[in-house]
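Novice: Sequence:
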Amino acid sequence: MTQRVDLAAVMARLAVDDLVTGYAMAVDDADWGAYRALFVPGGRADYRSSGGIEGPVDEVAHWLAESMRLFPVRQHLILNRRIVLADPAGHPDGAASVRADYLNPMRFASGAEYMSGGRYAFTALRVDENWRLGSVVVEEKWRRV
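Okay, so the sequence shown: first residue is -8 according to our numbering, each after it adds one.
No lab work stands behind these hints: they were computed from the structure. No false leads were mixed into what you were given.
Have a look at the derived ranges for each label pair, beta carbon to beta carbon:
(1) D(-3) to R134: 38 to 46 Å
(2) F99 to N121: 32 to 40 Å
(3) P47 to G102: 30 to 38 Å
(4) A21 to V136: 18 to 26 Å
(5) A100 to D(-3): 44 to 52 Å
(6) G102 to D9: 27 to 35 Å
(7) A103 to D(-3): 43 to 51 Å
(8) A(-1) to A56: 31 to 39 Å
(9) K132 to D(-3): 31 to 39 Å
These numbers were taken from a predicted model, which means no experiment stands behind them. Even for Gly, the Cβ is constructed at its ideal location relative to N, Cα and C.
Required output: the full structure, derived from the provided sequences and hints.
Specialist: This is the structure:
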């Protein structure tokens, strides 16, 4: 590999990592416009393993906005990120998959605490030099109330 190719891969990884961080911040801050903007047109999200819904990003954003009202305090911690850049032949502009663990402490309005953990599976696509989410799938592994 040339240094130019290596630099492009590093830059792509940083951009995808930033996209995943933006996802966590949008949910935690209840910024549903920013949440929607993270996705490509036709993007989808699947929260069924945590008791939620699966569907197009607009439908899921509406569901999240209603559901997250139960938790005025929330903080997603997304860690152990494994970013795999796809073969450019598979998507001409670029594609990536991300598997990342999460820890999600939240607090109900009553003050009771709720915590869950699991793994995210993200797909990301580069469109017009910007990375956007194609899909998000949540695999909740545990929860504690």
